[in-house]
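**Q** Quick mapping for you: the protein sequence lines, in order, are chains S and P.
Note that the numbering used here numbers the first sequence so that position 590 is 590, with each residue one more than the last.
Note that the numbering used here numbers the second sequence so that position 37 is 37, with each residue one more than the last.
No wet-lab data here; the hints were simulated from the structure.
Even glycine gets a Cβ: it sits at the ideal position worked out from N, Cα and C.
Some clues are possibly wrong.
Which stretches of chain S does chain P cover? Using the computed rule of at least three CB atoms under 8 Å from a CB of chain P, they are [to be verified]: (1) 311-318; (2) 426-436; (3) 606-615.
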Amino acid sequence: MSTSANGSGTGALSATRPTEVSQLDRVVIRFAGDSGDGMQLTGDRFTSEAAAFGNDLATLPNFPAEIRAPQGTIPGVSSFQVHFADYDILTPGDRPDVLVAMNPAALKANLGDVPHGGTVIVNTDEFSKRNLTKVGYDADPLGDDSLSAYEVHRVAMSTLTQGALADTGLGKKDAERCKNMFALGLLSWMYHRPTEGTERFLREKFAKKPDIAEANILAFRAGWNYGETTESFATTFEVAPAKLEQGTYRQITGNTALAYGIVAAGQLAKLPILLGTYPITPASDILHELSKHKNFGVTTFQAEDEIAGIGAALGAAYGGALGVTSTSGPGIALKSETIGLGVMTELPLIVIDVQRGGPSTGLPTKTEQADLLQAMFGRNSESPVPIIAPCSPADCFDAALEATRIALTYRTPVLLLSDGAIANGSEPWLIPDVGTLPDLSVVFATEPNAPDGSGEHWPYVRDPETLAREWAVPGTPGLQHRIGGLEKADGKGNISYDPDNHDKMVRLRQAKIDGIDVPDLTVDDPSGGEARVLALGWGSSYGPIGAAARRVRKKGLPIAQAHLRHLNPFPANLGEVLSRYDTVVVPEMNLGQLAMLLRAKYLVDINSYTKIAGLPFKAEELEGVFTDIITSTKEVAR
Amino acid sequence: MTATDLGLPRLGGLDLVPATDEPQKAKDYKSDQEVRWCPGCGDYVVLNTIQSFLPTLGLKRENIVFVSGIGCSSRFPYYMNTYGMHSIHGRAPAIATGLATTRPDLSVWVVTGDGDALSIGGNHLVHTLRRNVNLKILLFNNRIYGLTKGQYSPTSDQGTVTKSTPMGSLDTPFNPVSLALGAEASFVGRALDSDKKGLTEVLTAAAQHRGSAFVEIYQNCPIFNDGAFDVLKDKDEAAQRIIPLRAGEPIRFGPEGEYGVTRSGWGGLEVGKVADIGEDDLVVHDPTIQDTSYAFALSRIGDQHLNHTPTGIFRQVERPTYDDQARAQVEQAAQAKAPNLQALLTGKDTWTVA
Ligand SMILES: Cc1ncc(C[n+]2csc(CCOP(=O)(O)OP(=O)(O)O)c2C)c(N)n1
Ligand code: SF4
Ligand SMILES: [Mg+2]
Numbered sequence: 001m002s003t004s005a006n007g008s009g010t011g012a013l014s015a016t017r018p019t020e021v022s023q024l025d026r027v028v029i030r031f032a033g034d035s036g037d038g039m040q041l042t043g044d045r046f047t048s049e050a051a052a053f054g055n056d057l058a059t060l061p062n063f064p065a066e067i068r069a070p071q072g073t074i075p076g077v078s079s080f081q082v083h084f085a086d087y088d089i090l091t092p093g094d095r096p097d098v099l100v101a102m103n104p105a106a107l108k109a110n111l112g113d114v115p116h117g118g119t120v121i122v123n124t125d126e127f128s129k130r131n132l133t134k135v136g137y138d139a140d141p142l143g144d145d146s147l148s149a150y151e152v153h154r155v156a157m158s159t160l161t162q163g164a165l166a167d168t169g170l171g172k173k174d175a176e177r178c179k180n181m182f183a184l185g186l187l188s189w190m191y192h193r194p195t196e197g198t199e200r201f202l203r204e205k206f207a208k209k210p211d212i213a214e215a216n217i218l219a220f221r222a223g224w225n226y227g228e229t230t231e232s233f234a235t236t237f238e239v240a241p242a243k244l245e246q247g248t249y250r251q252i253t254g255n256t257a258l259a260y261g262i263v264a265a266g267q268l269a270k271l272p273i274l275l276g277t278y279p280i281t282p283a284s285d286i287l288h289e290l291s292k293h294k295n296f297g298v299t300t301f302q303a304e305d306e307i308a309g310i311g312a313a314l315g316a317a318y319g320g321a322l323g324v325t326s327t328s329g330p331g332i333a334l335k336s337e338t339i340g341l342g343v344m345t346e347l348p349l350i351v352i353d354v355q356r357g358g359p360s361t362g363l364p365t366k367t368e369q370a371d372l373l374q375a376m377f378g379r380n381s382e383s384p385v386p387i388i389a390p391c392s393p394a395d396c397f398d399a400a401l402e403a404t405r406i407a408l409t410y411r412t413p414v415l416l417l418s419d420g421a422i423a424n425g426s427e428p429w430l431i432p433d434v435g436t437l438p439d440l441s442v443v444f445a446t447e448p449n450a451p452d453g454s455g456e457h458w459p460y461v462r463d464p465e466t467l468a469r470e471w472a473v474p475g476t477p478g479l480q481h482r483i484g485g486l487e488k489a490d491g492k493g494n495i496s497y498d499p500d501n502h503d504k505m506v507r508l509r510q511a512k513i514d515g516i517d518v519p520d521l522t523v524d525d526p527s528g529g530e531a532r533v534l535a536l537g538w539g540s541s542y543g544p545i546g547a548a549a550r551r552v553r554k555k556g557l558p559i560a561q562a563h564l565r566h567l568n569p570f571p572a573n574l575g576e577v578l579s580r581y582d583t584v585v586v587p588e589m590n591l592g593q594l595a596m597l598l599r600a601k602y603l604v605d606i607n608s609y610t611k612i613a614g615l616p617f618k619a620e621e622l623e624g625v626f627t628d629i630i631t632s633t634k635e636v637a638r
Numbered sequence: 001m002t003a004t005d006l007g008l009p010r011l012g013g014l015d016l017v018p019a020t021d022e023p024q025k026a027k028d029y030k031s032d033q034e035v036r037w038c039p040g041c042g043d044y045v046v047l048n049t050i051q052s053f054l055p056t057l058g059l060k061r062e063n064i065v066f067v068s069g070i071g072c073s074s075r076f077p078y079y080m081n082t083y084g085m086h087s088i089h090g091r092a093p094a095i096a097t098g099l100a101t102t103r104p105d106l107s108v109w110v111v112t113g114d115g116d117a118l119s120i121g122g123n124h125l126v127h128t129l130r131r132n133v134n135l136k137i138l139l140f141n142n143r144i145y146g147l148t149k150g151q152y153s154p155t156s157d158q159g160t161v162t163k164s165t166p167m168g169s170l171d172t173p174f175n176p177v178s179l180a181l182g183a184e185a186s187f188v189g190r191a192l193d194s195d196k197k198g199l200t201e202v203l204t205a206a207a208q209h210r211g212s213a214f215v216e217i218y219q220n221c222p223i224f225n226d227g228a229f230d231v232l233k234d235k236d237e238a239a240q241r242i243i244p245l246r247a248g249e250p251i252r253f254g255p256e257g258e259y260g261v262t263r264s265g266w267g268g269l270e271v272g273k274v275a276d277i278g279e280d281d282l283v284v285h286d287p288t289i290q291d292t293s294y295a296f297a298l299s300r301i302g303d304q305h306l307n308h309t310p311t312g313i314f315r316q317v318e319r320p321t322y323d324d325q326a327r328a329q330v331e332q333a334a335q336a337k338a339p340n341l342q343a344l345l346t347g348k349d350t351w352t353v354a
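Here chain S stands alone, though its shape is the one from the complex (with noise of 0.2 Å):
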């Protein structure tokens, strides 16, 4: 196997000097510094040259809700992790086994996470008397023996950064702006990284100011010649490229990658799309995507609030569009009435809920999965609609076009669940080949279909196979018809009281749902079926999950997993599967939402593992419980 990066090439910088090269299988970084010192953008170009290298990935943003919290204090700590290997990965990582700290806040913050022996490497310009004591350092950490578990590299890179760049011109405050770059610039040295993708970024990024791009170029090759020249770093690391599958791959975020799957299932589908939405943290970044896209048949509307959002997007699907909405749960909840209209005269609609911690608004910028009930039965009345949830973020990209395939099958509003840790989180995508993606494309009604020979247009005829409705949209001659949300007769689709029709139109909505044409879950057991324990989750656990499952594994205890991407209906086999194991464990982000769903509909008991802190699992967290649980089955077993 062998990789190659896009525009690879020596670039103008390349190590020298001699320095022990010490070759690692994975290496977890964190940039952790304040909101304002650009955290976001190191790690991200930081991730950019690793996938550029070809290495397998996996990111972890954390930042604060405010825009600008107090500077300097632990709520105004922003971190980027990013999880790098030769081989193939599946979380962003539990612990950093290197952190760069950019002043004391990031420090105290982050410094918990770090293993004994890690690496830390902080900026000492920031370790002012002034700013240890705003979050609580009475003595500074760096002068007594508090970091002696860890190994220290003290620089001081605002200084430095202000030196490289005394002939810029630039104010002194603009040229420390750039010590983020510095900070990526020694990182990059240290991991061997290539160089001309951030170079080339910066470049574009800061096109209309091109003092200030070379300003951080040079930034940033400072950093780098640092880590060369001073000899401070005895050691350098290499983590060789990934054994990944053959094919192009590109780094994607889930937010992207989703956003670019409505794109797609539009274009599959050869259909105009209207995204109606309103901001909201974290799935704004499906409309900023969205509306780079007009080219594609793209409509973004802005909406004055998420009701109106989804009202065009229903609207524009009464009329033949592909209609999407996008928000995160409190988004849900006013959309929720939308929904149940878009349940009742069956019309196709995707509903993005990129979860995010609640309730209320919650933890705006922290991850959760606890939507799920309220995807499932957060309307009035019998009111069932699909859901899917992708498991990382390049899995957004299909789950976009499962959701538009069922939306348009069975003509239903489809919940989609992403969540933060997926959307802001990146990954490599095996860039798909567009032959290869699916038809979504649909038939319009052109003709009346009473069955009665009439001659008439009867709305809620259905097809005898998906009990879909017939989309007739308006400007078709002959087919005037009118739908809403009363109660509709059967076939005709006239208001109707009738009791019976009643009883017969819940039944049927639920079995068009419920009979969705679903793919069997797969489970996967490298023991050959000796595993009792079975480990089943849902949506962004994925990683993590499968991360600890092959930990217990590697410790010789047999465990299965699944995942489950189609949470309504459930997989045909689901029941078979469960019923197959001594002990189901199923790990949430919510307080028990699967396994309560799971209980209810197989009768079956669950071990229901759950927790909501805002953050995705740790694999050595679950580690624990699986291997827990698998030596009491054991024991159990005997």
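Chain P with the ligands: place on chain S using the hints.
**A** Relative to chain S, chain P with the ligands alone:
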């Protein structure tokens, strides 16, 4: 960027809607559904007027859509043999916005009530008008919640005694015309349910208008608010109170045309005797004045008690519509960059594993 910047031709409200030469009759617009409003409800006459006026537009029937919210008035679409959606309370303007934006070939009408449009749907109403989406909003104002059996509404007189306000309602009512003008509506009109001619005139102009057209229709609810507009229906009373607005003509009214409208202090307008004002100082009505303050001042002559009630078209100005511009952006983007899905998915930074 405005439509002018984009070099769009000035369009009429119906210019993109397919026309037909086939003669149409009112009955072509009647659906087979039994109309179920209370006997004597003002909604009947409005329905009749609309069914007889639509054939004059000469549009293909299948290209007309009525979207409504919830309320007695919002049952309207069921009775029309066009496409229609009876949606949810207050949200019709939002749904119609999505439809009108993606389908320029449709003539989209919103039917709403005073509760539907001004209470629960107030937000959507003002934003739709502000955006100037090409759709026509007909507000059936009976100054009461009909469907929920008679609670007071945002247009009820202060002190209205209803089941929910046994000691009288406390809130100051909205003047829907003033509200629409405040929301930058490019077309604002008012008519009386029983005035077939006046209503038809306003509706015809509304249909031809490109952009949001807002029409307040005073509608009698004989069950819960009977006679709310009776003073405008009694011939003698009406002559004293209704101020017909006719573009290009001095604004005057009264049995002998003895009253008129003139400018007052603070940039407002007031009613007086023509004899006192003098013919030359009567205001000549011009709905095309861009500055909303003129139409707003006109709307303020009218009052909740209907002592003076201007009817007709208050404002009719050209302004780029949201939907035309949204479609222009999509077209412009496609011209600037042909859609290439593979290129989009691939992006700029890739690497290959061989
Ligand atoms: C979300 C929601 N809230 C409340 C209602 C109950 N409701 C139906 S119609 C209506 C008021 C209708 O008044 P108006 O818009 O003036 O219509 P009218 O019946 O007078 O024509 C109310 C409160 C509802 N259908 N939906
Ligand atoms: S309650 Fe009033 S508005 Fe409703 S149908 Fe009866 S008369 Fe008409
Ligand atoms: Mg009313």
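**Q** Indicate, hint by hint, whether the structure satisfies it.
**A** Against the structure, the hints come out as follows:
no.: 1; hint: 311-318; in the structure: holds (count 8)
no.: 2; hint: 426-436; in the structure: holds (count 4)
no.: 3; hint: 606-615; in the structure: violated (count 0)
Checked against the numbered hints listed earlier, the structure breaks hint 3 alone; every other hint is satisfied.
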